[in-house]
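Could you put the whole structure together from the sequences, leaning on the hints where they help?
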Amino acid sequence: MLFRLKIIQAIHWLRWAGVLLILLLASPRLKSQTLKTEQGLQKDEQGKYIHYEVVENVAPADSLMDRAIAFFSSKKLTVQQPAGGLLKGSGKLIISKTAFVLTHPSGEIWYNWSFEAKKGKYRFWLTDFLFIPYQRDRYGNFVPSTTRGIALESSPGKLNSGEWSSCVNETGRQSAALAAEFKEYLSASQKAKPFREANRPVSTRSW
Amino acid sequence: MKIKSFFTLSALTMSAATYAQETTSSMPLQISGAADVYYKYDFSGKPNIGTSFANDQNSVSIGMIDLALKKTTGKASFVGELSFGPRGQSGSLPTGEALNGDNSFHIQNLYMSYAFTGKLSVTAGYMSTFIGYEVIVPTGNFNYSTSYLFTNGPFQNAGIRANYVFSPKIALMVGLFNDWNVYKDVNGVTHFGAQLTVVPVDGWTAYFNVLSGRAAGAVGTGSIYDLTTFYQLSSKIKLGLNAADYTVTNHGGGHSGAALYLQNSFTPNFALGLRGEYFKIKDVPDLKGSSVTSVTLSGNLKAGGLTFIPEIRFDNSSTARFVDHSLDPTKNASQFSLAAVYAF
Chain V
1 MLFRLKIIQA IHWLRWAGVL LILLLASPRL KSQTLKTEQG LQKDEQGKYI HYEVVENVAP
61 ADSLMDRAIA FFSSKKLTVQ QPAGGLLKGS GKLIISKTAF VLTHPSGEIW YNWSFEAKKG
121 KYRFWLTDFL FIPYQRDRYG NFVPSTTRGI ALESSPGKLN SGEWSSCVNE TGRQSAALAA
181 EFKEYLSASQ KAKPFREANR PVSTRSW
Chain U
1 MKIKSFFTLS ALTMSAATYA QETTSSMPLQ ISGAADVYYK YDFSGKPNIG TSFANDQNSV
61 SIGMIDLALK KTTGKASFVG ELSFGPRGQS GSLPTGEALN GDNSFHIQNL YMSYAFTGKL
121 SVTAGYMSTF IGYEVIVPTG NFNYSTSYLF TNGPFQNAGI RANYVFSPKI ALMVGLFNDW
181 NVYKDVNGVT HFGAQLTVVP VDGWTAYFNV LSGRAAGAVG TGSIYDLTTF YQLSSKIKLG
241 LNAADYTVTN HGGGHSGAAL YLQNSFTPNF ALGLRGEYFK IKDVPDLKGS SVTSVTLSGN
301 LKAGGLTFIP EIRFDNSSTA RFVDHSLDPT KNASQFSLAA VYAF
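Protein sequences appear in the order of chains V and U. 1 is the number of the first residue of the first sequence in the working numbering; add one for each residue after it. 1 is the number of the first residue of the second sequence in the working numbering; add one for each residue after it.
Hint data in this document are derived by calculation from the structure and do not stem from the laboratory. Note that this is a predicted model, so its numbers are computed, not measured. Even for Gly, the Cβ is constructed at its ideal location relative to N, Cα and C. It cannot be assumed that every hint is accurate.
[Claimed, not checked] The calculated label-pair distances, taken between Cβ atoms and stated as ranges, are:
(1) V:110 to U:165: 19 to 27 angstroms
(2) V:161 to U:320: 44 to 52 angstroms
(3) U:267 to V:177: 27 to 35 angstroms
(4) V:96 to U:217: 28 to 36 angstroms
(5) V:90 to U:221: 47 to 55 angstroms
(6) V:206 to U:124: 46 to 54 angstroms
(7) U:165 to V:151: 27 to 35 angstroms
(8) V:161 to U:236: 16 to 24 angstroms
(9) U:217 to V:77: 51 to 59 angstroms
So this is what it looks like as C-alpha cells:
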C-alpha cells in the first residue's frame, strides 16, 4: 500500500516537473517574441505600413538590377519589367499561429515591392500590405476565406487588437528577414556558388 | 487518465520540436480545432425545427470539440480530424447514439493524399462531403443552425478520388465512393462522384457536384446534383447559393431545394448574414411530399478566436409539421439561439 502511495506521489511530482520543464522551455520563446516586435514596420507619408531601406553599394546600377531580378525570381515572386530604373513586383507572406504545440497558418499577407538603384546606392521597399485571413475548410486544410484583402493599416477594433498587432509584428519580422536576405544577395561579399550539374554522380576514376 | 493526457501532450510537444528540425520539404505538424456551445429557445416552447445540431430546447448545450491534425512530407499529406460531443456524435452519422449504443468518437476526416504533379493529386480515405454549402464543423458556417439541404444531404464520403487542376480557373475531381456517411461499405464501392470547380472571375467560385449510386438496402439508385457557389462582391459583401436535387429511382423519393446566403461585414468584428431557403420533400407513392420555407438572420461578433452567433429563425411549412405550445400541429415555427464558437 505504502509502495503504491509512493508511486502515486512520484507520478504527481513528475507531472509538476514536466510542467516546469515546459514553462522553462517556453520562456526563451516569449523573450524572442518580445524582441521580434521591436522590428516593427514603419509608416510612410500616406500612413501606410512600409519596410524601406536605402543601402550604399559600389556595384554598378545595372548589375544591381540584374541581381535584384535574379533574387526576386528565385523567391518565386512576381517580377515586372523594369521601367525607368524602377523594378516592381508583388509577393505574399504566410502568417502562422503558433502557441505551445499548436501551429497552423492563420492567413497570408500580400504586398508590393519596389527596387531602384543608382550610382553608389540602391533602395527598396515593401508596402501595400493586405491581410487575407485563412479558414479551415471541410477537408481540414487552411485556405483563404476571402479574395479581398484587408489593409494592414485598418483598425481591427478592441476585440481583435491582440491578434491584429501580432499579425503586424509578424509581417514586420518576415519583411525584415526578406530584406536581410536581399541585402546579403546584393552585397559585394556575395560569393559565386560552385557550378555542379544536378544529380551528376561523383567520378572516382579520373582525378 | 490525466496522467495519460499529460504524457500524450508531452509527446506531442516533443514531436512538434522534432518536426521543426526536419527538411524544408516537410511541413510542421499542423494542429487546429474548434469548440462550440449554444442556447436555443423555440418560441412555441417545444423543440420544433429539426435541422441539424442546434436542437436542445431551452438548454445551454454543448456542440462538440473538434481536433484536427495535418502533416505534409514532400508530396504526401495526411489529415486526421476527430470530434467529441453531440454535434459530432449523435448529431452526425454514423456513430450516433441512436444507431450505436457505444456512441464512439466521430471521425470528420481521415485521409491521405499524394500530389503526383503540381496539377494531379489522389486522395483516399474518409472525407467531408464535397456536396453542399454548409459543413459539420461550426467554424465553416456563418449561420449556427443548418439548412434543410445540409441536413438531408451527405455529411461524409469515404472513397478514392483524383483531382486535376487544369488552370487556376478550372479543376475537376472524380472519384469512387462508399454509401453516404459510412466508414465501410457493405455493398461495395457503389457510388460515383464528380466535382467541377470553375472560377469565372476573381472572387467568384462555383462547384458543380454530382454523386450517384445505389446504397445498401435502397429501393433504387440515388443521385444528387448540387450547385454550390459564392461570390465575394466586395471586401464586406458576400453572396452564396446552394441548389440541389436528389432523386432515388423506383419511386424512392428524394428532395430538392435552394438556399441563398447574403452576408455583410459592417466592421472587422461584426457581420450580419441572412439565409433564405426553400426545401421540398418529393412525393412517394401514397405520400405527398411537403415543402418548407425558412429565413434565418445571424450575427457574427468576433473577439480573437471566439465568435458569438446570435440568431433568429422563422420556418413556414406547406403542411402542419410543427407544433405550437399546446402541441397542436402548426405550419410555423420560430426560434432564437445564441452560440459561442471558438477556433484555434
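The hints, checked one at a time:
Separation of residue 110 (chain V) from residue 165 (chain U) is about 21 angstroms and conforms to the stated range, judged on CB atoms against 19 to 27 angstroms. One distance hint, 44 to 52 angstroms for the beta-carbon pair residue 161 (chain V) and residue 320 (chain U), holds here, with the actual separation near 51 angstroms. Evaluation of the 27 to 35 angstroms hint for residue 267 (chain U) and residue 177 (chain V) yields a pass: the beta carbon distance comes to about 32 angstroms. Restraint check, residue 96 (chain V) to residue 217 (chain U): a C-beta distance of roughly 47 angstroms breaks the suggested window 28 to 36 angstroms.
Hint check: residue 90 (chain V) to residue 221 (chain U), Cβ distance near 50 angstroms, so the stated range 47 to 55 angstroms holds. For the pair residue 206 (chain V) and residue 124 (chain U), the supplied restraint of 46 to 54 angstroms holds, since their beta-carbon distance comes to about 49 angstroms. Checked against the hint of 27 to 35 angstroms, the C-beta distance between residue 165 (chain U) and residue 151 (chain V) comes to roughly 30 angstroms, which is consistent with it. Taken as a hint, the range 16 to 24 angstroms holds for the pair residue 161 (chain V) and residue 236 (chain U), whose Cβ atoms sit roughly 20 angstroms apart.
Under the hint 51 to 59 angstroms, the C-beta atoms of residue 217 (chain U) and residue 77 (chain V), about 56 angstroms apart, fit the expected range.
The earlier numbered hint that this structure contradicts is number 4, and it is the only one.
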